[in-house]
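Number of protein chains: 2
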Amino acid sequence: MASFAVLGAGGWGIALALRLEQNGHKVVLWEAFPDRAKTIRESRENPDFLPGVIIPPTIDVIDDLKTAIQGRDAVVSALPSHVLRSVFEILSKLSFVQGLIVSGTKGIENETLLRMSEVIASADKRISADRIVVLSGPSHAEEVGRGIPTTVVAASSNSDAARRVQSWFMGPAFRVYTSGDVAGVEWGGALKNVIAIAAGISDGVGFGDNTKAALIIRGIVEITRLGTALGAKADTFSGLSGMGDLIVTCASRHSRNRFVGEEIGKGRTLEDVLGSMAMVAEGVRATQAAMALSEKHDIDMPITREVHEILFNRKNPKQAMVDLMTRNPKAEG
Amino acid sequence: MASFAVLGAGGWGIALALRLEQNGHKVVLWEAFPDRAKTIRESRENPDFLPGVIIPPTIDVIDDLKTAIQGRDAVVSALPSHVLRSVFEILSKLSFVQGLIVSGTKGIENETLLRMSEVIASADKRISADRIVVLSGPSHAEEVGRGIPTTVVAASSNSDAARRVQSWFMGPAFRVYTSGDVAGVEWGGALKNVIAIAAGISDGVGFGDNTKAALIIRGIVEITRLGTALGAKADTFSGLSGMGDLIVTCASRHSRNRFVGEEIGKGRTLEDVLGSMAMVAEGVRATQAAMALSEKHDIDMPITREVHEILFNRKNPKQAMVDLMTRNPKAEG
Numbered sequence: 553m554a555s556f557a558v559l560g561a562g563g564w565g566i567a568l569a570l571r572l573e574q575n576g577h578k579v580v581l582w583e584a585f586p587d588r589a590k591t592i593r594e595s596r597e598n599p600d601f602l603p604g605v606i607i608p609p610t611i612d613v614i615d616d617l618k619t620a621i622q623g624r625d626a627v628v629s630a631l632p633s634h635v636l637r638s639v640f641e642i643l644s645k646l647s648f649v650q651g652l653i654v655s656g657t658k659g660i661e662n663e664t665l666l667r668m669s670e671v672i673a674s675a676d677k678r679i680s681a682d683r684i685v686v687l688s689g690p691s692h693a694e695e696v697g698r699g700i701p702t703t704v705v706a707a708s709s710n711s712d713a714a715r716r717v718q719s720w721f722m723g724p725a726f727r728v729y730t731s732g733d734v735a736g737v738e739w740g741g742a743l744k745n746v747i748a749i750a751a752g753i754s755d756g757v758g759f760g761d762n763t764k765a766a767l768i769i770r771g772i773v774e775i776t777r778l779g780t781a782l783g784a785k786a787d788t789f790s791g792l793s794g795m796g797d798l799i800v801t802c803a804s805r806h807s808r809n810r811f812v813g814e815e816i817g818k819g820r821t822l823e824d825v826l827g828s829m830a831m832v833a834e835g836v837r838a839t840q841a842a843m844a845l846s847e848k849h850d851i852d853m854p855i856t857r858e859v860h861e862i863l864f865n866r867k868n869p870k871q872a873m874v875d876l877m878t879r880n881p882k883a884e885g
Numbered sequence: 553m554a555s556f557a558v559l560g561a562g563g564w565g566i567a568l569a570l571r572l573e574q575n576g577h578k579v580v581l582w583e584a585f586p587d588r589a590k591t592i593r594e595s596r597e598n599p600d601f602l603p604g605v606i607i608p609p610t611i612d613v614i615d616d617l618k619t620a621i622q623g624r625d626a627v628v629s630a631l632p633s634h635v636l637r638s639v640f641e642i643l644s645k646l647s648f649v650q651g652l653i654v655s656g657t658k659g660i661e662n663e664t665l666l667r668m669s670e671v672i673a674s675a676d677k678r679i680s681a682d683r684i685v686v687l688s689g690p691s692h693a694e695e696v697g698r699g700i701p702t703t704v705v706a707a708s709s710n711s712d713a714a715r716r717v718q719s720w721f722m723g724p725a726f727r728v729y730t731s732g733d734v735a736g737v738e739w740g741g742a743l744k745n746v747i748a749i750a751a752g753i754s755d756g757v758g759f760g761d762n763t764k765a766a767l768i769i770r771g772i773v774e775i776t777r778l779g780t781a782l783g784a785k786a787d788t789f790s791g792l793s794g795m796g797d798l799i800v801t802c803a804s805r806h807s808r809n810r811f812v813g814e815e816i817g818k819g820r821t822l823e824d825v826l827g828s829m830a831m832v833a834e835g836v837r838a839t840q841a842a843m844a845l846s847e848k849h850d851i852d853m854p855i856t857r858e859v860h861e862i863l864f865n866r867k868n869p870k871q872a873m874v875d876l877m878t879r880n881p882k883a884e885g
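Residue numbers (this note's numbering), protein chains in the order written: chain A, 553 to 885; chain B, 553 to 885.
The shape of chain A in the complex, shown without the other chains:
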């Protein structure tokens, strides 16, 4: 039995806390806002982000960060990408984080173009890369929280650390594979959102399953081109954290990124769509980051370029699709 702090009591934090608790581990769930922590602690659920999933009394829900992380075998981040740096900066002043850091956060830091594990290590200099394990894959929190069979990857430069995380989380409804390719797993999780927007646009203009499958396959091809230029391994993008996560995101009626694309495909502007959303669509920022990276490294990314044109230069979505289809004939490889 090991002891964990899970940072972030949203859907993903609760789902991960439940996986650990059901394997017999001790888990404390940290929520930044005291009143929300109190509500969740007393009602035993988060009605906004994971309604109907009960948090057992063995999991304490607290708002004190220092108490939360003290003496744990691992601290698990289920924080949104835009608060990750500030929480770990606070931690760096507050207390020495022991044990491993499991990062369940996906995204790219826009100003720095850093991956999330790099943000953690840069926010708290005492956390070395070999103490960080990234957990990622096709894992809607709504399903993980309900014990629906799910399969993910635990990636670390430290294979021992990856195997420890595997053994902690693995159970009859949660299968964990290890990987040594942290960069590949993190780039896949961040860049898939660009393709999810493209898939949504295709849905919005009334195209079909053939079109969406083509965007997914050719999308992974260009993500792989960029990712390998950034040091990742090509095979990782065909795996659970790349293609796997992309498939669930593009199929999901709930994906915010796919939704943004669909609305734009129907003719709305980006400002209009974003203005009406409570939550951030990570993929809009990821599109800017991917464009910047593709130009910097001189990588051909036709789908990303068309999504960028549609989102930021109001290119007609149907015209963008025709332009994608009628490029010069090519070989597949």
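Hints may contain errors.
Copies of the same chain look alike in the list, so a pair counts if it works inside one copy or between any two.
Straight-line C-alpha distance at most 20 Å; calculated DMTMM-like pairs for lysine to aspartate or glutamate [said to hold, decoys possible]: (1) K618 x D587; (2) K818 x E861; (3) K882 x D712; (4) K618 x D676; (5) K785 x D616.
Read the hints as simulated data drawn from the structure, not as lab findings.
Please build the complex by placing chain B on the supplied structure of chain A, with the hints as guidance.
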């Protein structure tokens, strides 16, 4: 402008004939049954397989095979897998097939374990492999027939032939990539149906999108293992004809293979499900072929094995899923 015979006036045959016709080519559509050919010729649609898609008068629909194939630049097969051999055996006695053969047929010949292009070459010995081009990818006929943007692969050992097929078919709604890996393209198209059954079983027992994505990703891993042992290139299985086709099949409400899995996941027996279906579910035979091949080549295929156990040994589907999830912990690669 080139001249084509499309063999088979089902959904796929009509859809391919329309792509060619809209590129300005001359196309004749061959249907084996005279009365059905007459109905289609007169009504200008196939109400059973592609209702609502109109066949223009420039496309002749005939039942005479010799006339159909005489003097064409290419003969396009959109025949069901179980009649492919007999049609090409008839052709071998009837007339010399000139030009290229485009094979749009997917499957494995169960008795011989041959791929479809191998069946063609074995049925008519005068057709050498370098005259055959395989056309495959995520391409529901319902969408191709309606001009929904679709992307496929044209694969041949003869790169010149593949490029000719690419140039004939390519248009604003039909993008064709070339490939040199005929074996990979054909094995992907045939073996995906085993995983489609697994995905259906997962749906039938009430599992979720996470589960299905995991089956797709780990399914391609084991298909790739088998395919490379049979001479295919690994990368092909990540492409349009492998993963791409698998994605549309597993997402589709219309896939017969996914449907068979879903009904079995709900508790029906294979005999019962097959007995109630008008059409054949290719994946049931593909599961037997894949099991035979995996044993012959000593390839670990855990998903195929569980599907085989469920279909033919009445293993409980939920138990099979738990057995898949709780195998020994592994690395992803």
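For the identical chains here, do K618 and D587 meet the 20 Å Cα criterion within one copy, between copies, both, or neither? So K618 and D587 pass the 20 Å test inside one copy only (18 Å; across, 81 Å).
How do K618 and D676 come out at 20 Å by Cα distance, when the copy is not named: within, between, both, or neither? within (15 Å within a copy, 77 Å between copies)
Intra- versus inter-copy proximity for E861 and K818 (alpha-carbon distance at most 20 Å): within (16 Å within a copy, 46 Å between copies)
Can you tell me if K882 and D712 fall within 20 Å by alpha carbon in one copy, between copies, both or neither? This pair counts as between: shortest inter-copy Cα distance 13 Å, intra-copy 43 Å.
Should K785 paired with D616 be assigned to within, between, both, or neither, using CA atoms and 20 Å as the limit? neither (39 Å within a copy, 54 Å between copies)
Of the numbered hints given earlier, the model fails hint 5 alone.
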